[in-house]
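Trainee: Chain order of the listed sequences is A and B.
The first sequence: position 84 = 75 (our numbering), numbered continuously.
If you count the second sequence from 1, you need to add 7 to reach our numbering.
Don't read these hints as lab results, they were simulated from the structure.
One or more of the hints may lead you astray.
Partial chain B-side listing against chain A, Cβ under 8 Å, derived [as the list claims (entries may be wrong)]:
#1 46
#2 48
#3 50
#4 62
#5 72
All C-beta atoms, glycine included, are put in the ideal place defined by N, C-alpha and C.
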Amino acid sequence: KAGVTQTPRYLIKTRGQQVTLSCSPISGHRSVSWYQQTPGQGLQFLFEYFSETQRNKGNFPGRFSGRQFSNSRSEMNVSTLELGDSALYLCASMGDDLSEQYFGPGTRLTVT
Amino acid sequence: DQQVKQNSPSLSVQEGRISILNCDYTNSMFDYFLWYKKYPAEGPTFLISISSIKDKNEDGRFTVFLNKSAKHLSLHIVPSQPGDSAVYFCAASGVSNYQLIWGAGTKLIIKP
């Protein structure tokens, strides 16, 4: 079956703009999590959606938001971009438990 | 406040020898631990996990050891192969939620 897909793969934005990233999970998975990875840092948890509801949320400012659609596809939005938002944004879909968490290739966001 | 720490940013090991990657955690509520492997330009892939009721879990060349009293876990790879060269992340979770807390990663280099 198809893996997790993320679009776009690369994005360049300027400070103050907003951006929307998309994630399509593995067919049948209802949970989608979003992570931010910056150089030298582990993955920082943003939020997790399950059946269109946000189930868990990390410690990120309100500029970071997300949603999930009825087909389990998810989007995350970052408003008023800052230079520090430059990172790799990873999406993961999960089956029955955490060991069944599969990651997409990520979206590399550069804010100039 | 880093709850999961991987203190070695990189590790170089001769092909065929044992690779030992270490991870420390501070939160005694963590009771499920996972190791992920990440190649450049790809998302992390699940490697092996261990729950707090065990002190060892094996899967082929990979073994994870958990020392709860020391809040320490380690991943052993025997024998190390060139394809094992990647960044390895340790992650932790409480069973009651689906949020992973990640270490910063260790870059493993297997020398021929």
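Trainee: A separate judgement is required for each hint: does it hold in the structure or not?
Mentor: How the hints compare with the structure:
About 10 Å separates the beta-carbon of residue 46 of chain B from the nearest beta-carbon of chain A, more than 8 Å, and the hint is not met. This hint holds: residue 48 of chain B has a C-beta 7 Å from the nearest C-beta of chain A, less than the 8 Å allowed. A hinted interface residue such as residue 50 of chain B counts as satisfied when its beta carbon comes closer than 8 Å to some beta carbon of chain A; here the least separation is about 3 Å, so the hint holds. Hint on residue 62 of chain B is violated. Least Cβ distance to chain A is approximately 18 Å, over the 8 Å limit.
For residue 72 of chain B, the suggested interface contact is broken, since its CB lies about 17 Å from the closest CB of chain A, more than 8 Å.
The structure fails to meet hints 1, 4 and 5 from the earlier list, while all remaining hints are met.
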